[in-house]
Amino acid sequence: MGKPKVAFFDFTSCEGCQLSKLNLENDLLDILELVDIVNFREAISNHGEDYEIAFIEGSISTPHCVERIHKIRRQAQIVVALGSCAHIGGINAIRNNMDQDEVREAVYGNDKYLFPSIKAQAVSDVVKVDYVIPGCPMDNQEFKRVLSALLTGKIPEIPEYSVCAECKAKENECLYDYGVVCMGPITRAGCRAACPTNGHYCYGCRGLVPDLNKNAAKDVMEKYKLSIDQIKKRFYMFNTNYVNMEEKSYE
Amino acid sequence: MEAKNIYVPEVADIIRIERMTELETFYDIKLPGGRDLGHEPGQFVEVSVFGIGEAPISVSSSHLKKGSFEMVVRSVGNVTQAMQKLKAGDKLGIRGPFGHGFKTKDFEGKDIVIIAGGIGLVPLRSLINTIIDPAERKKYGRVIILYGSKTKEEFLFRNELETWESRNDIEYHVTVDRKTSGWNGNVGVITTLIPDLKLDLHNTIAAVCGPPIMYKFVILSLRSKGLKDNQLYVSLERKMKCGVGKCGHCQINNIYVCQEGPVFNYAYIEDLKEAI
Amino acid sequence: MSSKAIAREKIPDAVSLLKAKYRVIAPVPKGKTFVFKKIGNPQEVVLDYNTTILPLKKFFLPPDEVIVKYNLKKREYQEPEIESEPTVFFGIHNYELQGILRLDYAFGTGVKDATYLKKRENNIFIGVTYTPDDYHFAESVGIPTDLKEGFDIFLTKYNGHYRVEALTDKGKNIVSQWSEFLEDCSYDGDPVVHFKNKLKQSVAGIREIFHGAYNHPVWKETSKKCYSCGTCNLVCPTCYCFDVSDEVVLGTDQGARSRRWDSCQILGFTEVAGGEAFREKRYDRVRHRMSRKFAYIMDDRDRPFCVGCGRCIRQCTADISITDVMNALL
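Chains as they are written, first to last, in the working numbering: chain Y, 1 to 251; chain D, 1 to 276; chain V, 1 to 330.
If we strip away everything but chain Y, and leave its shape as in the complex, we get (with noise of 0.2 Å):
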């Protein structure tokens, strides 16, 4: 059997996650021995369009877009998105919120007939898709975990449970000790709490955690001094499509 095929494509994003990839130095030959990558814009010039194992970047915002979705998962076997844009749809999804007319006239000005745009959707809110790899920008032990597992045969998994998880099994201290309000307790794990370990606050870039008490976060937020206009930027900043600020939900 001869090696997977694997091709990255990129859609709107800042194709941080790719470069985020080349970085991977110590590993990148040992992952081209394992895989023959066939499309790679940002490392690679010729195109192949034979593959099995399709990685995509970005957010899903425009008619293109989705024509060009459709026809990567019609050709690929596994589709797994990358990183935040590609999972939840991102920062790019923020302007979701917003009158889709005035961000194309901000953008765009007078051309903005030129440039037909749709909400930013999360690759998996147009085809399925098979496993993510979230972040912004993904983590690459992430990435060699979730190729190491789609190698073997298994279904990569990502964790369920909340950054605090990791950042506590560092015994990092708290940043709320600190008063700093931090998305950590119910952003996904898997970044082995990057930010709060280096002294930031989580931004939520991993998506949200799937079992969300949305009121118990804004309370807490709110003890912390955030005002409400603070609070909901903290959760649209990476996950406009995937809560609403507007409704109150009763658990």
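Treat the hints with care, as some may be off.
Once the Cα atoms are required to be at most 25 Å apart in a straight line, the calculated SDA-like pairs of lysine to any residue come out as [what the hints assert, rightly or not]:
1) 144(Y) x 80(D)
2) 32(V) x 111(V)
3) 273(D) x 273(V)
4) 71(Y) x 10(Y)
5) 91(D) x 153(Y)
6) 216(D) x 271(D)
7) 32(V) x 226(Y)
8) 170(Y) x 64(V)
9) 32(V) x 203(Y)
10) 216(D) x 271(V)
11) 225(V) x 274(D)
12) 85(D) x 254(V)
13) 3(Y) x 220(V)
14) 220(V) x 215(Y)
15) 225(Y) x 319(V)
16) 233(Y) x 153(Y)
Read the hints as simulated data drawn from the structure, not as lab findings.
In this text the structure is predicted, and so the values were computed from the model without any measurement.
With chain Y's structure known, arrange chains D and V on it following the hints.
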């Protein structure tokens, strides 16, 4: 006694593998040297697939079967999906058997009603094959098997179902939730088979295994028939990760299913709010 | 027998001497709080501290630990090596050691777990008194500050000094090596300690409280505040549930199965392969944690699996207090 690592599996061989339905696969497993697993009907083992992980799986054969043991696995999780891709001659890791099964000694001289819903038949088959074994059969009273399946396409152990039906020392009743072409038998949930049973209430035990939703209705039905709680045995499914009463995942209130179960006398767990 | 004492400023010398023969684990400052750490510089050791972020369990049941190794090609499983270096745990509060004794019970009874028990060999515990803060409630769970069970040496603080009591032969041996740092002790008795945080009722009979409490409103009320981050479990000295997962190093045949601290507060904790979860509601999970501490598991002396360290209260960002919840039931 020097404690040893309780998490290291023993490497065993798959000697036969057979697809039973779209989701379920049958495995015949040989431990090193053909050593017997030494289980009781209803117990489970932890099965490892190299590179994938470990999952709790019921033993489906009777302890009377020598040289190897059998399992039937529904491929729904990481380990079980990987198991489905294995072939005869491949290796698995085995730990166990764990917990407590059916104490068949206590069933001697009694009428036994076995109620199996879907893959609930898998652990119960270890009990059935123990009590209907030609050398053992006379130890027990009537053997009544009630089997319910979604459709006839999902029937497990088809050859054996036919044998049970044809043997005159077994009363076998089957129903499907949904009729598909070629089915002329009962249609309806498994509880519909219970009212017509004529039971000797003082000398009957019932063994029940099926999907979580089934227990409540079957138990209600058996109780209204007149059976007492201590005449009912249930086998419960939980997430038994370690198998040795440590990891906590299978805990029902204060009870570790992997230690005290998975087979329980219903009177023992009746007051546990999280059990049924 | 005349008792001995050590002056506070001689503590680093005493630690230095221990370091020559043992790995020494002791509390050191970390920002505004404290952690247990292997001691490099004896000056780092603090004996005046409220509590550490994580309990001592991290040394015996690490957050992430390989329990089985294997080779994909050879199809072999192997036992990982477990190191049990002779270690002195220095400056330990008594509830902390009680936590370890509960874990000893959990891993040492029923099926014995060598992966844990091997690390409990060659341990020496040197205790120290403490002043309870707003969160400690150890006295309410049967652990008054002068309980010295399990310690080899116990230090009682007074007037810039610590009274040194050797309680075992191992302890006496160490104290004899400390002789040059010791002086006669002028203090006998035990300090009077006041706990601000308490249960309304002492721990005897607390298990019975749970009998009629399954549908008590406190579970739902508490669950409204809880976002199931799992911190309470992770920082608890007696929480030992774990998850198990396998990983193969990319591009190699080397596989490892690890156990990782888990939390019963997470929905997926009870979820079986078919997708059914057995404590689906958040209040089911809140109740499970508290019940496990005070009713579901008891050691052979009927002592609960809560040692009153107060970590789960101190570190809960949602201000959920196990003592408030218990007091609502009592």
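Results of checking the hints against the structure:
1. 144(Y) x 80(D): Holds, at roughly 23 Å.
2. 32(V) x 111(V): violated (40 Å)
3. 273(D) x 273(V): holds (22 Å)
4. 71(Y) x 10(Y): Holds, at about 14 Å.
5. 91(D) x 153(Y): holds (16 Å)
6. 216(D) x 271(D): holds (13 Å)
7. 32(V) x 226(Y): holds (23 Å)
8. 170(Y) x 64(V): Between residue 170(Y) and residue 64(V) the Cα gap is close to 11 Å, so the pair holds against 25 Å.
9. 32(V) x 203(Y): OK: residue 32(V) and residue 203(Y) at ~24 Å, within 25 Å.
10. 216(D) x 271(V): holds (19 Å)
11. 225(V) x 274(D): Measuring from Cα to Cα gives roughly 23 Å; hence the hint holds.
12. 85(D) x 254(V): It holds: about 21 Å lies between the C-alpha atoms, which stays within 25 Å.
13. 3(Y) x 220(V): violated (53 Å)
14. 220(V) x 215(Y): Holds: residue 220(V) and residue 215(Y) sit about 14 Å apart, inside 25 Å.
15. 225(Y) x 319(V): Roughly 15 Å separates the two Cα atoms, so the pair holds.
16. 233(Y) x 153(Y): violated (40 Å)
In this structure, the hints that do not hold are numbers 2, 13, 16, in rising order.
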